[in-house]
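S.K.: Place chain B on chain A using the hints.
Keeping their order, the protein sequence lines are chains A and B. If you're matching positions, the first sequence starts at 1 in our numbering and goes up one per residue. If you're matching positions, the second sequence starts at 1 in our numbering and goes up one per residue.
By construction, these hints were calculated from the structure, which means they are not laboratory data. Using N, Cα and C, we set each Cβ at its ideal position, and we do this for glycine too. Warning: the hint list may mix true and false statements.
[To be verified] Under 8 Å between C-beta atoms, here's a sample of chain B residues computed to sit facing chain A:
| # | residue |
| --- | --- |
| 1 | Phe5 |
| 2 | Asn10 |
| 3 | Gly165 |
[Stated by the list, open to error] From the derived model, a few chain B residues whose C-beta atoms are all more than 12 Å from chain A:
| # | residue |
| --- | --- |
| 4 | Tyr30 |
| 5 | Ala34 |
| 6 | Asp168 |
| 7 | Arg173 |
| 8 | Ala277 |
[What the hints assert, rightly or not] One-sided excerpt, in silico: chain A residues whose CB lies under 10 Å from chain B:
| # | residue |
| --- | --- |
| 9 | Glu23 |
| 10 | Ile75 |
| 11 | Gln120 |
| 12 | Thr125 |
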Amino acid sequence: MQDEERLVRRAQQEPEAFAQIYEEYFDKIYRYIVIRIGSEAEAEDLTQQVFLNALKSISSFKWRGVPFSAWLYRIAHNQVVDYLRKKAKHATESLNGMAKAVVSDDNPQMEFERKVDIEQVLLATKRLTEAQREVISLRFASELSVAEVAKAMGKSEGAIKALQHSAIVALRKALLISESENG
Amino acid sequence: MVNEFDEILNECLERLLVKGETIDQCLQRYPEQANELRPLLKTALAVKKTSAVQPRAEFKARARHQFRSALQEAASRKSRPIFGWFPRWATVVAVVIGILLLGSGMVAAASYSMPDSPLYSLKIATENVQLALTPSDLDKAELDAKFADRRVTEIVYLANEGYDGRIDVIAQRLDEGLTMLASLASGEEAAEAPKAVMAPAPTMAPTPAPPLTPTQTPSPEQDSVLGMDSGARSELSKEGRLKITVEQNATDNLAALQAALEDAPESAKPALQRAIAIAEERYQRAIEALE
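If we strip away everything but chain B, and leave its shape as in the complex, we get:
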């Protein structure tokens, strides 16, 4: 429920700041609220001056040059062969097994399937294969972050389709995945190993490689901002990237769940609210673990 005065104030701000009306013109529309509105609109005009703040030209030129270098490096890395980025034997072996047993088409199709699809159990199985065959905890954590993303997409899909009974099941998987991510990120012994492989059907899509490295490695000046010494930089950079990814996934996914909640039928809202609570709590814990 929007407060009436909040609405009126916003309407006046739009007229004042966007359409260029004067304060008096705005107040003529709302004579009863004029006394309350006038000082607020004057304050708004003063605050509007902040839109004139501009970065220094010298800084802007230096920043642009640095960013262009980062873009060029990103472009050159993107053009390298995919297995040049990911020489992990586990992924390669898993891909070969998948091709032999199921064919790439089915595995690829499964990775996009939703919980109401017959291919969905294959999707979950391939995720478990990937986790089981990934040796490093940090890489496992990356996968958990990626799979959590998928769970949120599935929850939003279920809410849109009206399958509210299944939302809790997927939310439980989201809970498990993010809990595992937090455990791996904090270096704790995982309470439970990744689930046993249900079917030898690895996904055809390898985890996307980080698009940037060398020129995006922070400069010494940036290191001081980031609180890193140069020796620790290379080791920390992967964790740093994961932290950024998890933070952004958390933001995107919570926003997507909130948006789904607004549009969802009443019957789906309680389950969606539970899913949102899980996502908020577990993402927070995962981010703290990555600090």
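Chain A on its own, in the form it takes in the complex:
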């Protein structure tokens, strides 16, 4: 944490130091956005915009008990919310169009977790609530701890554990539905 604080303080003084933050978080933020919006292609521009916005605003970041990563994920969250709001205005999206389910018919005995691939998971996350999807994005795609997710979402750790539970139950159901729909 102290290293991160030192790095962020330096980046507030010298923009070039922000490059290290960029390298450290780029893939994680990208994965977070992919899960939130269900599309790898559209996540690309949004990810870049998150870092440009962060660079613009880093001088306003203050250390007040909220880790830098939480601040960065809030920028990503806001970016996703803006994107979804604009997208909702233009078209009603088709759940089935978001991701192509790929199911192997060759081996029906294959274990459940081996049959579902990333596309299926992305499709299944469309059936979650926004909060559940955010927890799954942060916990599994970005690999944050419960404490870090709590800070990023501005909720208690208990609330995050409850959301995590309900999200996995909902995903389980969604994946089973996906399995049955695809034969």
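M.R.: Showing chain B alone in chain A's frame:
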């Protein structure tokens, strides 16, 4: 209150995903919950595959190049003289008056003072001077956002120090500031002009300049994402920056208030909860006004 099963599930997830245990090893620890846990842990393993998602190398290289350009531009702007950024006559005049009347040390000290400090009234007065001498509504709104940030810091300080009786007073100021911000941002006629100058003591610290402009101006491709045409870009960019700032301040400040609430003594919690309610509602309105 954390549900016991939520705790157990989280413990198993940590063991499975972080420590590399197998599902059976996890279930041996919780035989009574094994039937309920097994399908959830299998689902978790499937979802864990998303951590293998990687951006395309081509995109990553292009994005890195674009970001490096933005960093260089930011660095070059930061090295320019401060009054090259802010040629506002009002700020300059206010700074000179402040130096003459009070000296820079006192004004600077006041800007960091808390409500229990004798310098606090000077701090509020300097804020009013800045608002009164700032001609544009958008610049005023920026100041309101900045001052709202200060109010939250003060509320957190008061809660930590146990001065719960004063939290409502500062929360009221926060309410007024964010209401004014929403009015200015929406272009409405402000219900009330910024308060009269109480003392001619402007702060020594000018509002920080936006660190980036040219290369961070969105590209045509980004414009289409942002829904802007190039002609409107330069006019919208300042509002856009303000919106981003207010959104992030809202997030940071609400998180800071929530964190303060968890640690605050019982006596301070009702006032803190009222302050949180004010902040949530007013920030939301301000953000909507900036849409």
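S.K.: All the hints need checking, so say for each whether the structure fits it.
M.R.: Hint check results:
1. Phe5: The hint holds - Phe5 of chain B has a Cβ within 8 Å of chain A, the shortest such distance being about 7 Å.
2. Asn10: holds, 5 Å
3. Gly165: With a minimum Cβ separation of about 23 Å from chain A (threshold 8 Å), the hint on Gly165 of chain B is violated.
4. Tyr30: Fine: 14 Å to the nearest Cβ keeps Tyr30 of chain B off the interface.
5. Ala34: About 16 Å separates Ala34 of chain B from the closest Cβ of chain A, which puts it past 12 Å; holds.
6. Asp168: Holds, since 21 Å exceeds 12 Å.
7. Arg173: holds, 19 Å
8. Ala277: Ala277 of chain B clear of chain A: closest Cβ-Cβ about 14 Å, beyond 12 Å.
9. Glu23: Hint holds; Glu23 of chain A Cβ to chain B Cβ min 8 Å, cut 10 Å.
10. Ile75: holds, 7 Å
11. Gln120: holds, 8 Å
12. Thr125: With Cβ-Cβ at 8 Å, under 10 Å, it holds.
Hint check: a violation occurs at hint 3 only; the rest are consistent with the structure.
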